[in-house]
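Asks: Chain by chain, the residues run as shown.
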Amino acid sequence: MTGLNRKDLLDIQDLSLDEINLICNNARYFKDLFTRSVKTVPVLRGKTVCCLFYEPSTRTKLSFELAAKRLSADLINIAVSTSSVVKGESLIDTVHTLEAMKADYIVMRHAVSLAPHFLSKNIGASVINAGDGFHAHPTQAMLDAYSILEKRGSLAGLHIGIVGDIKHSRVARSDIEVFNKLGAKVTLCGPPTLVPDEFRQYGVDITYDLDGLIGKLDVINMLRIQKERQKGSHFPSIREYHRQFALTNERLRRCKPDIIVMHPGPINRGIEIDDGAANSANAIIEEQVTNGVAVRMSIFYLLAGGAPLEGIGE
Amino acid sequence: MKLVIKNGRVIDPASHTDDRRDVLVEDGFIAKIAANIADSVDETIDAAGCVVLPGLIDMHVHFREPGREDIETIIGGSTVAAKGGFTSVCTMPNTVPPIDNQALVRFIKLEAEQGPINIFPIATITKGGQGEEISEMGELVKVGAVGFSDDGKPVMSSIVMRRALEYARMFDVPIITHSEDAQLANGGIMNEGANSVLLGLPGIPKAAEEVMIARDMILARLAKGRVHVAHVSSGGSVEIIRRAKSDAVRVTCETAPHYFALTDDAVEQHLSMAKMNPPLRTEEDRQAIIAGLRDGSVDVIATDHAPHPINEKMQEIEYAPFGIIGLETAVPLIVTVLVRENGFSLLQAFEKVTINPARILKLDRGALQEGAAADITVIDPEKKVLIDQAFIASKCKNTPFLGRELYGSVEWTICGGRVVYRKG
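For the record, the sequence lines run as chains A and B.
In this note's numbering, each residue carries its 1-based index in the first sequence increased by 52.
In this note's numbering, each residue carries its 1-based index in the second sequence increased by 5.
Watch out, some of these pointers could steer you wrong.
Derived contacts from chain B toward chain A, CB cut-off under 8 Å, selection only [stated by the list, open to error]:
1) D44
2) V46
3) E48
4) G198
5) A199
6) V202
7) L204
8) G205
9) L206
10) L276
11) N316
12) Q320
13) I322
14) F327
Keep in mind the hints are simulated off the structure, nothing from the lab.
Backbone N, C-alpha and C fix where the C-beta goes; we use that ideal spot for every residue, glycine too.
Modelling step: build the complete structure from the supplied sequences, incorporating the hints.
Replies: Here you go:
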């Protein structure tokens with residue numbers, strides 16, 4: 053197999069197990085590069101990467117930008133505020149503009165689910181989904197899987213808990229799909245208003261009792277809770293949410309000693325995770341960020357038709 | 006002007022006729038229905054192998070005029086309807102401005118006189134369609150409104166709905182409900198369920214439709230009013246209406262072809278082309294809709310024909326408007342899905358677009374009888390049609406059925422004795 057035999061990376065569902073392993077294996081070589089004084093390679097020289105973010109983002113956007121730059125691509129950023137979507141140019145017109153500019157890769161973040169799928173049907177360039185609505189965030193899921201692989205060598209048989217607002221989380225959906233494919237057991241935890249029963253179709257367990265769950269977990273992924281969900285009556289107060297579903301320092305003590313604590317960021321310290329837990333030796337939240345760049349380099353490289361790496365720069 | 010339709014199979018659900026007959030049309034009326042009519046005529050239509058039906062009636066269309074003539078007009082929409090086999094349609098009043106006064110009802114009727122088919126306007130239940138005060142129903146009925154609906158939006162206030170149902174009893178016209186609890190729908194864009202969870206799209210639960218239908222059944226009983234539920238999409242809704250009918254509530258209802266032809270599995274592929282309100286539901290609901298049509302719980306098939314320009318539909322699914330066109334795909338879907346796949350007789354299937362809507366709206370149409378207005382539709386149920394860009398005459402081609410090959414071709418449409426469509 054050479055590279056990824058596909059134009060786009062839209063969601064995890066599309067990816068075969070081979071492709072997932074390929075992305076992770078290659079990411080390792082790109083990560084090695086970060087320890088060198090010269091961190092760039094000429095993989096995408098002469099190619100144009102366009103970041104099209106219709107929703108605010110810090111780490112995902114920076115991570116893609118850095119990945120593209122370290123691969124020597126030309127980078128264009130189109131920052132679109134949410135309001136200009138409503139008032140200004142339609143997505144389809146923006147697409148035509150990008151086609152005219154001969155962009156090779158379009159990295160898109162969008163508040164509406166399936167927007168990258170809609171884009172990919174109407175453009176020749178490669179589309180990489182940087183998060184669409186509540187639907188998918190495949191590069192985040194890949195970096196989450198890679199980060200666990202790096203620590204444990206394999207996901208097979210691991211019990212992974214995803215805690216929080218599952219309903220509105222694209223990270224949860226993509227994580228579930230990649231963890232399933234890699235043979236982990238996934239349990240979702242949160243209030244029923246944020247964990248719809250329909251998630252069982254993924255073959256996951258659901259529990260509303262975090263205290264009953266934490267002792268069994270090898271990995272816990274704490275999702276960001278959005279304060280505006282309280283206004284939608286998904287839960288009565290931040291205080292009650294914290295009591296029931298936060299990873300407190302005290303709860304961390306009741307976890308397995310080697311549990312891996314993850315968070316896709318940005319963190320609400322003191323809401324879904326306490327300071328001590330977020331800063332503990334179990335937490336790999338900052339490594340997730342580093343790995344994100346390597347995984348995204350790997351994805352660019354493979355979409356460009358790059359062959360599996362045995363080592364870089366030798 | 007004399008015209009004869011020869012050698013066809015006459016299907017008239019009103020009289021339960023299914024027989025080989027010729028139909029003679031003279032001066033806009035049906036002069037004779039008999040075997041082997043040998044009168045000398047101006048035109049002969051050879052309907053061998055075809056089915057001769059009463060002109061079809063679609064009691065739920067959106068023609069966008071007044072206000073959005075850039076999308077569709079009364080005359081343009083009427084031409085599309087004629088091509089789809091419809092000789093009468095009811096236009097929904099959620100135009101800009103909404104049809105809530107005599108002048109606007111008269112405007113629609115006046116425009117329709119220039120068009121090929123009959124239009125029977127529906128006026129708003131409430132002034133401006135705002136759901137607050139009931140419209141001048143007496144005045145509106147006087148100039149030709151055949152029913153009342155705030156379609157597009159629910160009448161959220163129960164007291165307003167009660168008063169509307171009570172007041173309309175004077176005129177014996179139906180209140181046509183858009184049954185949706187807006188708060189439960191909560192900005193959703195597709196059916197809430199397994200697919201909305203997988204796709205991460207905000208869902209509209211069936212309960213949003215069902216609680217309002219249940220409310221309206223209870224209010225219709227209280228008010229002794231006559232209610233017609235528009236665009237029924239869920240099995241639960243069919244069940245509530247079936248029960249209300251057995252409790253002698255004066256209720257009728259309609260579904261649209263897409264609810265018996267598609268499920269929310271279509272959303273992933275067709276995106277905004279499969280976005281309508283109420284949304285496509287599940288296979289279980291689709292089966293329940295078909296069962297409701299079969300046992301008569303669902304009285305009518307109406308298209309909810311909703312043209313939208315392609316640039317509005319070609320947006321991110323959440324920003325795209327709700328609605329699909331339906332006039333040209335109705336006959337092929339009825340023939341393919343109900344008759345061929347589900348064993349409906351032609352009588353059973355086509356009463357839903359002829360005599361049933363005519364009775365609900367008290368229209369002097371929908372039957373093939375000597376002396377009746379010569380509204381006649383001739384279809385070939387064995388002939389396939391490919392639903393492609395060239396097939397769709399509508400200016401707006403927003404339909405998830407593009408690319409589908411279906412059985413059931415409209416061959417001739419005759420309205421008031423005039424051939425208003427003939428297949429080229």
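Asks: Against each hint, give a clear statement of whether it holds in the structure.
Replies: Hints and how they fare:
no., hint, verdict
1, D44, "violated, 57 Å"
2, V46, "violated, 53 Å"
3, E48, "violated, 48 Å"
4, G198, "holds, 6 Å"
5, A199, "holds, 5 Å"
6, V202, "holds, 4 Å"
7, L204, "holds, 6 Å"
8, G205, "holds, 3 Å"
9, L206, "holds, 5 Å"
10, L276, "holds, 6 Å"
11, N316, "holds, 7 Å"
12, Q320, "holds, 6 Å"
13, I322, "holds, 6 Å"
14, F327, "violated, 15 Å"
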